[in-house]
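Student: Build the full structure now, drawing on both the sequences and the hints.
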Amino acid sequence: MLDEDTGIVEEWLSEFKTVPETSIASYAKNLKDKISLVSSLYKVIQDLQNELLEPVCHQLFEFYRSGEELLLQFTLQFLPELIWCYLAVSASKDLQSSGCIEALLLGVYNLSLMLNCFLLSFLKITNAPSSIGSMALTEGALSQHGLSRVVYSGPHMQREMLTAQNRFEVLTFLLLRYNAALSYLPAVSLQSLCQICSRICVCGYPRQQVRKYRGINSRIPVSSEFMVQMLTGIYYAFYNGEWDLARKAMDDVLYRAQLELYPEPLLVANAIKASLPQGAIKSNKEGTKCIQVEITPTASRISRNAVTSMSIRGHRWKRHEQPDNTNDTTESGNFVIPEISVTNVAGERTRNGEKNRMPGESDQHIQGVQEIPTEPRVDSKGLPEIRRQKSVRKIMEDGISSPGRMQF
Numbered sequence: 515m516l517d518e519d520t521g522i523v524e525e526w527l528s529e530f531k532t533v534p535e536t537s538i539a540s541y542a543k544n545l546k547d548k549i550s551l552v553s554s555l556y557k558v559i560q561d562l563q564n565e566l567l568e569p570v571c572h573q574l575f576e577f578y579r580s581g582e583e584l585l586l587q588f589t590l591q592f593l594p595e596l597i598w599c600y601l602a603v604s605a606s607k608d609l610q611s612s613g614c615i616e617a618l619l620l621g622v623y624n625l626s627l628m629l630n631c632f633l634l635s636f637l638k639i640t641n642a643p644s645s646i647g648s649m650a651l652t653e654g655a656l657s658q659h660g661l662s663r664v665v666y667s668g669p670h671m672q673r674e675m676l677t678a679q680n681r682f683e684v685l686t687f688l689l690l691r692y693n694a695a696l697s698y699l700p701a702v703s704l705q706s707l708c709q710i711c712s713r714i715c716v717c718g719y720p721r722q723q724v725r726k727y728r729g730i731n732s733r734i735p736v737s738s739e740f741m742v743q744m745l746t747g748i749y750y751a752f753y754n755g756e757w758d759l760a761r762k763a764m765d766d767v768l769y770r771a772q773l774e775l776y777p778e779p780l781l782v783a784n785a786i787k788a789s790l791p792q793g794a795i796k797s798n799k800e801g802t803k804c805i806q807v808e809i810t811p812t813a814s815r816i817s818r819n820a821v822t823s824m825s826i827r828g829h830r831w832k833r834h835e836q837p838d839n840t841n842d843t844t845e846s847g848n849f850v851i852p853e854i855s856v857t858n859v860a861g862e863r864t865r866n867g868e869k870n871r872m873p874g875e876s877d878q879h880i881q882g883v884q885e886i887p888t889e890p891r892v893d894s895k896g897l898p899e900i901r902r903q904k905s906v907r908k909i910m911e912d913g914i915s916s917p918g919r920m921q922f
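Take 515 as the starting number for the sequence shown in the numbering used here and just add one per residue.
Heads up, a few of these hints could be off.
Taking lysine-lysine and the DSS-like style, the derived pairs with C-alpha atoms no more than 25 Å apart in a straight line are [as the list claims (entries may be wrong)]:
{"no.": "1", "residue 1": "K546", "residue 2": "K531"}
{"no.": "2", "residue 1": "K531", "residue 2": "K557"}
{"no.": "3", "residue 1": "K557", "residue 2": "K543"}
{"no.": "4", "residue 1": "K546", "residue 2": "K557"}
{"no.": "5", "residue 1": "K762", "residue 2": "K787"}
{"no.": "6", "residue 1": "K762", "residue 2": "K726"}
{"no.": "7", "residue 1": "K726", "residue 2": "K787"}
{"no.": "8", "residue 1": "K543", "residue 2": "K531"}
{"no.": "9", "residue 1": "K557", "residue 2": "K607"}
{"no.": "10", "residue 1": "K548", "residue 2": "K531"}
Pair by pair, the computed Cβ-Cβ distance ranges are [to be verified]:
{"no.": "11", "residue 1": "E529", "residue 2": "S697", "range": "20 to 30 Å"}
{"no.": "12", "residue 1": "S789", "residue 2": "V533", "range": "38 to 48 Å"}
{"no.": "13", "residue 1": "D547", "residue 2": "E518", "range": "17 to 27 Å"}
{"no.": "14", "residue 1": "D517", "residue 2": "I730", "range": "27 to 37 Å"}
By construction, these hints were calculated from the structure, which means they are not laboratory data. C-beta: ideal position from N, C-alpha, C; glycine also.
Tutor: Shown next as structure tokens:
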């Protein structure tokens with residue numbers, strides 16, 4: 515670390531102590547534009563033996579606890595690097611050198627939980643059932659009470675120290691908190707996130723030689739939920755100017771998920787990979803940060819010809835009227851298809867009880883009306899015309915009355 519970087523960090527540490535409470539908002543706005551300070555702070559965090567590491571962690575915690583939104587975001591941008599330093603030290607079994615980093619991570623975690631618990635308790639106290647009635651508790655209802663933040667995770671327990679059991683529960687929640695503020699963080703934080711995700715996933719595996727990373731060689735255990743949160747940040751980086759780093763990080767996370775056989779990261783990583791365009795996206799790093807979505811064309815591909823019962827019936831009649839040329843000829847020659855009569859078939863079977871029954875007067879009258887002529891008409895094509903029989907109901911509507919009472 516250069517002396518210039520040390521001087522910048524020391525000036526930053528002493529400057530905040532002299533800022534009055536009324537000028538904190540303006541101080542936070544000016545702090546965002548100090549790129550050299552952010553670069554120097556990254557160098558301090560990466561050097562675990564630096565004497566400025568402990569006061570820097572304490573200052574970042576004070577920023578997060580101040581309640582000023584810009585100062586809170588300033589602390590959140592260093593979360594990926596802080597998480598990596600803690601995991602690297604825990605893998606090397608040298609936890610004493612990361613005490614200040616562990617304290618900072620625990621402080622941010624517990625403060626975030628206190629904020630969420632305060633939000634839930636505030637809703638429970640202020641929103642009386644008599645005033646709400648049956649109104650749904652939605653984001654629109656919360657905005658009427660001046661609450662812009664909604665709890666999406668939890669509840670979580672407060673932790674006094676990080677252990678092997680609760681380590682990734684805390685780190686997963688911190689990444690969730692980081693992803694919620696991605697649109698407000700600078701590009702250097704996205705670059706750090708992608709690099710950290712690649713290191714965590716390949717350390718101790720053969721892929722580490724491909725990436726040419728000469729850091730620790732120990733494998734860093736990860737949880738499925740933690741990898742999903744990593745993929746969330748990587749997916750955001752794809753569409754905000756970090757295509758190459760995000761592509762490399764996603765491949766490394768997918769590689770690790772395949773080795774660990776974690777279903778959730780595999781599902782999310784493959785879904786992201788399938789949704790990406792073929793080429794790199796040219797995004798303005800200084801412009802509005804968003805996720806681009808391709809809108810499907812609105813042109814209708816459905817046929818405009820509606821299928822109704824009349825169209826089906828007409829289609830059947832057309833098929834019946836067309837001559838079947840394929841069945842008219844065979845290898846031996848032409849043959850005639852015998853006609854089948856619809857009514858009055860010679861060998862028609864009779865139902866039980868109708869064999870010896872004589873037709874009545876009304877039956878004879880109806881049968882006479884429904885009888886088909888012996889000589890059918892012939893249309894222009896030379897085919898016999900098929901005529902539909904007149905129903906009994908039509909006969910009655912036409913005014914033909916039977917001499918007696920007809921029973922059916």
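Student: The structure should be examined with respect to each hint, and the outcome stated for every one.
Tutor: Taking the hints in turn, this is what the structure says about them:
1. K546 <-> K531: Roughly 18 Å between the alpha carbons, so the hint for K546 and K531 holds.
2. K531 <-> K557: Given that 25 Å is the threshold and the Cα spacing comes to 22 Å, the pair holds.
3. K557 <-> K543: Answer holds: K557 to K543 is near 23 Å, not above 25 Å.
4. K546 <-> K557: holds, 18 Å
5. K762 <-> K787: Given that 25 Å is the threshold and the Cα spacing comes to 12 Å, the pair holds.
6. K762 <-> K726: Within the cut-off at roughly 13 Å; holds.
7. K726 <-> K787: holds, 24 Å
8. K543 <-> K531: Given pair K543, K531 holds - Cα atoms ~17 Å apart, limit 25 Å.
9. K557 <-> K607: holds, 22 Å
10. K548 <-> K531: holds, 18 Å
11. E529 <-> S697: 20 to 30 Å: holds, 27 Å
12. S789 <-> V533: 38 to 48 Å: holds, 45 Å
13. D547 <-> E518: 17 to 27 Å: holds, 18 Å
14. D517 <-> I730: 27 to 37 Å: holds, 28 Å
Going down the numbered hints, you'll see the structure goes against none, and every one checks out.
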